[in-house]
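Peer 1: Note that the protein sequences, when read in sequence, are chains A and B. The numbering of the first sequence is my numbering, which starts it at 767 and goes up by one. The numbering of the second sequence is my numbering, which starts it at 767 and goes up by one.
If you're looking for bench data, these hints aren't it; they were derived computationally from the structure. As the structure is a computational prediction, the values presented were derived from the model and not from experiment. Wrong hints could be hidden among the right ones.
Note: identical chains are not told apart, hence a pair may lie in one copy or across any two.
[Claimed, not checked] Calculated lysine-lysine pairs in the DSS-like style (CA-CA distance at most 25 Å, straight line):
{"hint": "1", "residue 1": "K956", "residue 2": "K989"}
{"hint": "2", "residue 1": "K774", "residue 2": "K1180"}
{"hint": "3", "residue 1": "K893", "residue 2": "K774"}
{"hint": "4", "residue 1": "K899", "residue 2": "K989"}
{"hint": "5", "residue 1": "K1022", "residue 2": "K960"}
{"hint": "6", "residue 1": "K1184", "residue 2": "K774"}
{"hint": "7", "residue 1": "K854", "residue 2": "K1094"}
{"hint": "8", "residue 1": "K862", "residue 2": "K801"}
{"hint": "9", "residue 1": "K1022", "residue 2": "K956"}
{"hint": "10", "residue 1": "K862", "residue 2": "K951"}
{"hint": "11", "residue 1": "K956", "residue 2": "K966"}
{"hint": "12", "residue 1": "K1022", "residue 2": "K1184"}
{"hint": "13", "residue 1": "K930", "residue 2": "K1084"}
{"hint": "14", "residue 1": "K893", "residue 2": "K956"}
{"hint": "15", "residue 1": "K989", "residue 2": "K1094"}
2 protein chains.
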Amino acid sequence: MIRFYNGKILTLADGFNIINGEVWVDNDKISFVGKPSEKDSEAHYFEQEIDLDGNLLMPSFKNAHTHSAMTFLRSYADDMPLQDWLNKQVFPMEAKLTGEHIYAFTKLAILEYLSSGITASFDMYFKLDDYVKANIDAGFRTVICSSTNDFGGSPEQDEEDYLKFNSISPLISYKFGCHAEYTTKLDTIKGIAKLCQKYKEPFYSHNSETEREVSECISRYNKTPTQLFDDLGLYEYGGGGFHGVYLSENDMQIFKEKGLWAITNPGSNTKLASGIADLSRMLDMGINIAIGTDGAASNNALDMFREMYLAAGLQKLKYMDASVCSAKDVLYMATVGSARAMGLADCDTIAAGKQADLIVIDMNKPNMQPIHNITKNLVFSGSKQNVKLTMCAGKILYRDGVYYLDENERDIYKRANKMLDDF
Amino acid sequence: MIRFYNGKILTLADGFNIINGEVWVDNDKISFVGKPSEKDSEAHYFEQEIDLDGNLLMPSFKNAHTHSAMTFLRSYADDMPLQDWLNKQVFPMEAKLTGEHIYAFTKLAILEYLSSGITASFDMYFKLDDYVKANIDAGFRTVICSSTNDFGGSPEQDEEDYLKFNSISPLISYKFGCHAEYTTKLDTIKGIAKLCQKYKEPFYSHNSETEREVSECISRYNKTPTQLFDDLGLYEYGGGGFHGVYLSENDMQIFKEKGLWAITNPGSNTKLASGIADLSRMLDMGINIAIGTDGAASNNALDMFREMYLAAGLQKLKYMDASVCSAKDVLYMATVGSARAMGLADCDTIAAGKQADLIVIDMNKPNMQPIHNITKNLVFSGSKQNVKLTMCAGKILYRDGVYYLDENERDIYKRANKMLDDF
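Build out the structure end to end from the sequences listed, making use of the hints.
Peer 2: Okay, here's the thing in structure tokens:
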């Protein structure tokens, strides 16, 4: 067992209260949270005792939308209009990706996730065997979302993947989805609807990222993407949409009624000039919200602190009102919200029986001082610099800037740079 | 002398070219940049030789608008409308500040600047003796901008401060200014105009931060703040304006003609819901632009990486065009631009004879990999995590997370928290 002591604990199991106490981790699970009696402490053997030194232990961040291996395109094509970016830069480069590339660039993304306190990704990409191997090798948790579209994948393949990847490792799970309405034939989408109903599973996709996506869908089907998916029965068992910048009032009603997750990506929506999702309205309506970084090609960082600041800040600009979208709202989205959005309800809070997916925040950095309010410090001035320790499934993968993975990070950087010659 | 070797050097003295070579520092100045001959190297004695290990040496960031001691209000009053924030929270708290508070909270800000690669601040606040002492004690460079307004300061005091603080230390300088048009009587502003002309000095102030500020100025004087200041002769020797969110086309023409600096504060303008300054238009017009963090009460971080990302990103959202405001534009603003805006032309680039105000960027972090383009990596995915070393006036003040100051940072945190009881 591992014992964390002498720290503050933000469990998020009970609002935003911060308690003083201990957290014990037994294998991959949290086994105790609170103030143990002397008798309790003596009755247990701890392989490792970690003095938190007054720092904050809290649930890790979960990245509810990303394309991990797209680190290969970081800073390759920036400051470009969206359509040129996709058609002239991204698609031709992606066509050259091999399984080895996927493995290597996923490993690079995992390094960045860990340094930002992220312990799980909801990832949509391809060459899944290589992708899964990278995660298992690193000890990182991931939920695969099918990226099926007209250029790759099929409902048949999805069913096979669903059965395979949901039983391959406790770190890996798989959700049905498609890339987006505008990239996927109706017959294919209908095939996925059948799978969702057969297995009673939720459905996820890019949804209403751009104005053009929505208007083209309306001209094709006389429906928004959300209406179309809902009418096809895809949301019978829940699910969610990535981006959601152009959800209509009616779309939001569907999100509310079906308990769907609006998974926001403020960094990517900023850099690609897509717009600002209406999180304030969604909060008012009680819609479930989660946060993702999107891929490094469009963000370009995989940094949940930046996403949290942007999620709150952009609402303030959108409404020209500094009081909308609070730090609490946003911190909840990035932790509990994101975990639940991707079906990781056992990784959402610090409580006995939950998976030990947690982080320690270094309060002894100037950006976290003075301590008027820890939640606000985290959201409005927190940064990767404050991530002191990242634990996934009970294993410390990152601590004080050092990685504990199967490969040395310098080798991962070297390989990634060498591979750029392949493109 | 200190010798940096085995690294990449972004001098910014010659566009964005990156050279391989060495940088030598002699006392407070850079004495050599480039590839030395063996003979040259042997002819010098180096007290310290620093292996850059392939990392990037570049000019440090300069923070061209801030109120350092406002760290005392970080996370104290957030998510509030601007007027409530100022009148109900900020002003009553500021009234209680003593010189000791100013010293202590300035020290805290300096810690944060250094961790973000910032080596100089253009600061507007009060109790200047205590403020100056904090900077000198820390070895940090600062340019004071007068904050004179109806509640404190006067042209007479400004003249005294000008003469005193411009000769007190090589690290300290002083510029004329006033807080803003809306807080300062016309007679006082006219008195400052006389000083600018007497000493042939530039003039700085908050300018057009909010729509209300501009419209109230127009109703008082039938002029925008920029027009008023220009008509009063304040800009005869240049200067600049902080924020500049609501500069009119005519104001921008004045900025262009007079060579004024538009000093943008995208983080603060976001969090206080002030709006987005039109940097794209200013870039098109060739207006000088610099970047500042503003104070920790409104931002809440003092982080130039966040400011750079926001400066570029918010333009993309403002214009709904991902191609506006490039990484190069923004990196230049935060380094060379900011240095020149605050009169530190000898601290702007890496070149022999310049002040040794420089940083080393850790490229061996996942967010800087792979290396397609270093400038884009810095602006779009760089973070404080990448600041490996910060040198001000030839002295290493921060390296590998460790501070080299006159006080231990834990003592600074402890004192800052203890002082919260005074408010």
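Peer 1: Against each hint, give a clear statement of whether it holds in the structure.
Peer 2: Taking the hints in turn, this is what the structure says about them:
| no. | hint | in the structure |
| --- | --- | --- |
| 1 | K956 to K989 | within (16 Å within a copy, 63 Å between copies) |
| 2 | K774 to K1180 | between (38 Å within a copy, 17 Å between copies) |
| 3 | K893 to K774 | neither (42 Å within a copy, 36 Å between copies) |
| 4 | K899 to K989 | neither (39 Å within a copy, 66 Å between copies) |
| 5 | K1022 to K960 | within (23 Å within a copy, 63 Å between copies) |
| 6 | K1184 to K774 | between (43 Å within a copy, 18 Å between copies) |
| 7 | K854 to K1094 | between (40 Å within a copy, 22 Å between copies) |
| 8 | K862 to K801 | neither (55 Å within a copy, 39 Å between copies) |
| 9 | K1022 to K956 | within (23 Å within a copy, 59 Å between copies) |
| 10 | K862 to K951 | within (24 Å within a copy, 66 Å between copies) |
| 11 | K956 to K966 | within (15 Å within a copy, 75 Å between copies) |
| 12 | K1022 to K1184 | neither (47 Å within a copy, 46 Å between copies) |
| 13 | K930 to K1084 | neither (43 Å within a copy, 45 Å between copies) |
| 14 | K893 to K956 | within (23 Å within a copy, 70 Å between copies) |
| 15 | K989 to K1094 | neither (35 Å within a copy, 42 Å between copies) |
Figure legend: structure checked against the earlier numbered hints; hints not met, in rising order: 3, 4, 8, 12, 13, 15.
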